[in-house]
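Chemist: Those protein sequences? They're chains D and H, same order as listed. For the first sequence, the positions run 1 to 246 when my numbering is used. For the second sequence, the positions run 247 to 574 when my numbering is used.
Keep in mind the hints are simulated off the structure, nothing from the lab. Careful: at least some of the hints might be erroneous.
Said to hold, decoys possible - Here are the simulated SDA-like cross-link-like pairs (lysine to any residue), alpha carbons at most 25 Å apart as the crow flies:
no., chain 1, residue 1, chain 2, residue 2
1, H, Lys424, D, Leu87
2, D, Lys16, D, Gly57
3, H, Lys424, D, Arg105
4, D, Lys240, D, Arg216
5, H, Lys424, D, Ala111
6, D, Lys134, D, Thr118
7, D, Lys155, D, Gln73
8, H, Lys424, D, Leu117
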Amino acid sequence: MLLEASRLTMAFGAFKAVDDASVAVNEGEVLGLIGPNGAGKSTFFNCLTGDLRPTSGTVHFDGRDVTRLTPEQRARLGIARTFQVPLTFESMSVLDNVMIGAFLRHHAAAAARDKALTVIGEVGLLGFADASAKSLGTPGRKRLEIARALASDPKVLLLDEAMAGLTPAEIRAGIDLVRQIHRRGITLVIVEHIMEVIVSLADRVVVFHQGREIARGTPSEVTRHELVIEAYLGKRHAAKLSGGAA
Amino acid sequence: MMRRSLPLLLFAALALLYPLLVAGSEVYQRLGALVVLSAIGASAWNLIGGYAGQVSVGHAVFFGAGAYAALAGYAQFGMPPVAGAPIGVAVAILIAALIGVPTLRLSGHYFSMATIAVAELVRVLVTNWEWLGGAQGISGPAVPRTVLDLSFTSAVPYYYIFLAVLAAILFGTWRIEKSRMGFYLRAIKDSERAARSLGVAAGRYKLYAYMLSAGLTAVAGALYAIMFGFIDPESGCGILISVKMLIMAALGGAGLLFGPLVGALILVPLEEISNSLLGGKGAGLTFVVYGAMIVVIARFLPSGLLALFAGRMRPAGKPSETEPSHAA
Numbered sequence: 001m002l003l004e005a006s007r008l009t010m011a012f013g014a015f016k017a018v019d020d021a022s023v024a025v026n027e028g029e030v031l032g033l034i035g036p037n038g039a040g041k042s043t044f045f046n047c048l049t050g051d052l053r054p055t056s057g058t059v060h061f062d063g064r065d066v067t068r069l070t071p072e073q074r075a076r077l078g079i080a081r082t083f084q085v086p087l088t089f090e091s092m093s094v095l096d097n098v099m100i101g102a103f104l105r106h107h108a109a110a111a112a113r114d115k116a117l118t119v120i121g122e123v124g125l126l127g128f129a130d131a132s133a134k135s136l137g138t139p140g141r142k143r144l145e146i147a148r149a150l151a152s153d154p155k156v157l158l159l160d161e162a163m164a165g166l167t168p169a170e171i172r173a174g175i176d177l178v179r180q181i182h183r184r185g186i187t188l189v190i191v192e193h194i195m196e197v198i199v200s201l202a203d204r205v206v207v208f209h210q211g212r213e214i215a216r217g218t219p220s221e222v223t224r225h226e227l228v229i230e231a232y233l234g235k236r237h238a239a240k241l242s243g244g245a246a
Numbered sequence: 247m248m249r250r251s252l253p254l255l256l257f258a259a260l261a262l263l264y265p266l267l268v269a270g271s272e273v274y275q276r277l278g279a280l281v282v283l284s285a286i287g288a289s290a291w292n293l294i295g296g297y298a299g300q301v302s303v304g305h306a307v308f309f310g311a312g313a314y315a316a317l318a319g320y321a322q323f324g325m326p327p328v329a330g331a332p333i334g335v336a337v338a339i340l341i342a343a344l345i346g347v348p349t350l351r352l353s354g355h356y357f358s359m360a361t362i363a364v365a366e367l368v369r370v371l372v373t374n375w376e377w378l379g380g381a382q383g384i385s386g387p388a389v390p391r392t393v394l395d396l397s398f399t400s401a402v403p404y405y406y407i408f409l410a411v412l413a414a415i416l417f418g419t420w421r422i423e424k425s426r427m428g429f430y431l432r433a434i435k436d437s438e439r440a441a442r443s444l445g446v447a448a449g450r451y452k453l454y455a456y457m458l459s460a461g462l463t464a465v466a467g468a469l470y471a472i473m474f475g476f477i478d479p480e481s482g483c484g485i486l487i488s489v490k491m492l493i494m495a496a497l498g499g500a501g502l503l504f505g506p507l508v509g510a511l512i513l514v515p516l517e518e519i520s521n522s523l524l525g526g527k528g529a530g531l532t533f534v535v536y537g538a539m540i541v542v543i544a545r546f547l548p549s550g551l552l553a554l555f556a557g558r559m560r561p562a563g564k565p566s567e568t569e570p571s572h573a574a
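Let the sequences and hints guide you as you build the complete structure.
Modeler: Written out as structure tokens, the structure reads:
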């Protein structure tokens with residue numbers, strides 16, 4: 001068990017965005033978190049990274065209780081992430097952006113630069129090393145965020161809707177990139193809206209709805225799960241769908 | 247390398263020769279010393295306000311700490327003013343640590359407002375503190391007792407002392423800029439949240455930068471007090487001192503190594519000219535002019551003058567042609 005959230009609740013006032021959710025991520029797997037809008041995926045995700053401190057429950061990483069640790073402390077232990085809306089360092093070049101990640105394990109600037117250039121090559125941004133981050137479009141920024149996170153040599157990488165806003169061709173290329181990262185032995189947690197991405201990448205899927213887990217299993221299991229179809233399509237359409245199948 | 251260092255060498259040579267070039271004019275020698283002194287303060291501010299993007303409008307506190315330490319040491323204990331400078335630096339760093347811990351958590355304008363509040367509080371405090379001369383202020387040695395008092399009639403010795411200090415600060419800043427800390431400060435400026443997700447202890451780095459900036463600002467304050475031999479609450483802790491540091495850095499280019507120096511080169515002569523034209527009547531007008539400058543810089547030159555010439559980063563070109571395709 002590399003990363004484990006137990007009985008996590010995140011309440012904003014009376015509203016429980018995440019309600020008593022427990023999810024464990026095994027080392028080396030790709031875990032998908034899905035659910036309709038407002039299901040609490042991102043809130044749950046931010047509790048794992050330390051951006052939010054849960055109201056109750058615990059988060060363990062690599063055998064340590066990290067519930068009270070800050071994002072930077074968790075990053076040092078090996079948790080890296082990307083953001084749903086890319087937060088690239090806009091005044092910097094692509095290379096400098098990735099160097100920020102590389103500096104975590106390489107304190108000298110020359111070593112950090114070498115590490116960053118290697119990672120930039122791996123994610124296919126080499127021609128853009130000197131370009132300003134500001135000049136990249138959405139796919140470029142998402143790729144840059146992944147590069148930056150990889151440069152910090154994480155054990156687990158959490159991708160928050162890394163494919164949102166991409167064209168189908170870009171999504172296919174993105175899926176290839178994630179597979180390539182996974183082959184390097186990095187455990188992945190992906191929050192995703194796009195079913196195609198989940199089906200082709202995730203070993204296991206946990207489905208959230210209204211802050212609670214409603215299903216878990218392999219992608220094909222959960223996509224056939226009655227509650228999941230209901231959560232995505234609404235009761236009426238779900239009934240129609242199962243009626244048609246019968 | 248050559249293209250970047252050649253203009254720098256020329257500029258350094260010009261700076262070294264400047265007092266000789268204007269040998270006949272005490273006014274210009276004095277102006278030179280003032281420009282360099284202002285550049286020291288603005289460069290110190292640049293560490294936290296420029297590189298780390300935490301816009302302090304309360305650096306007068308640290309300037310005042312240096313200035314008052316230099317002259318209070320003389321007034322109370324007969325120490326040479328320069329001996330009080332390290333005390334001022336230490337006090338400034340201590341104050342920065344005390345106010346930095348709570349205020350650096352605030353983001354954007356809230357931090358700026360908190361620093362103004364603290365600075366004004368300190369000014370009022372100093373005005374009512376008789377040990378520091380109260381509203382009347384305190385003076386340094388009227389006649390130099392030894393050379394240690396650093397009291398000269400000519401501005402030229404001051405010019406060279408200031409120039410040496412400025413060179414040291416710029417060299418140190420350059421080293422920071424190239425190091426992990428420099429990268430981290432810029433990352434914090436762009437997105438603190440993203441920086442933290444990559445392991446940057448943002449709170450700690452901001453505090454380091456703030457303390458370092460405060461200590462160097464105290465050096466500027468001490469040098470001011472040594473040259474002018476007089477300090478009162480307005481000239482030591484007034485809000486104009488904070489505002490001037492900010493404007494100089496912003497005009498030249500906040501977060502750029504030579505930005506504050508360029509700003510000082512433009513603003514200090516302008517200020518001297520307007521002072522001589524307006525005489526004593528311009529005191530209130532100074533605030534109006536500085537206010538207008540803030541508006542103009544924020545609207546038209548948010549990255550400063552030097553940024554206009556810094557073509558270091560090329561754009562990625564037209565997205566359709568050069569966008570890093572995910573299919574690469």
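Chemist: Taking 25 Å as the top limit, are the C-alpha atoms of Lys424/H and Leu117/D close enough?
Modeler: Holds, at roughly 17 Å.
Chemist: Given the hinted pair Lys240/D and Arg216/D, is their alpha-carbon gap at most 25 Å?
Modeler: holds, 23 Å
Chemist: Next pair to validate is Lys134/D with Thr118/D; report whether the Cα-Cα distance is within 25 Å.
Modeler: Since the Cα atoms of Lys134/D and Thr118/D sit roughly 21 Å apart, the hinted pair holds (cutoff 25 Å).
Chemist: With the threshold set at 25 Å, check whether the alpha-carbon distance from Lys16/D to Gly57/D stays at or below it.
Modeler: holds, 13 Å
Chemist: Given the hinted pair Lys424/H and Leu87/D, is their Cα-Cα distance within 25 Å?
Modeler: Judged against 25 Å, a Cα distance of about 23 Å means the pair holds.
Chemist: Check the hint pairing Lys424/H with Ala111/D against an upper bound of 25 Å on the C-alpha distance.
Modeler: Distance ~13 Å between Lys424/H and Ala111/D Cα, so the pair holds.
Chemist: Hint check: Lys155/D vs Gln73/D, CA-CA at most 25 Å. Holds or violated?
Modeler: holds, 14 Å
Chemist: Tell me if the straight-line CA distance from Lys424/H to Arg105/D falls inside 25 Å.
Modeler: Answer holds: Lys424/H to Arg105/D is near 17 Å, not above 25 Å.
Of the numbered hints listed earlier, not one is contradicted by the structure.
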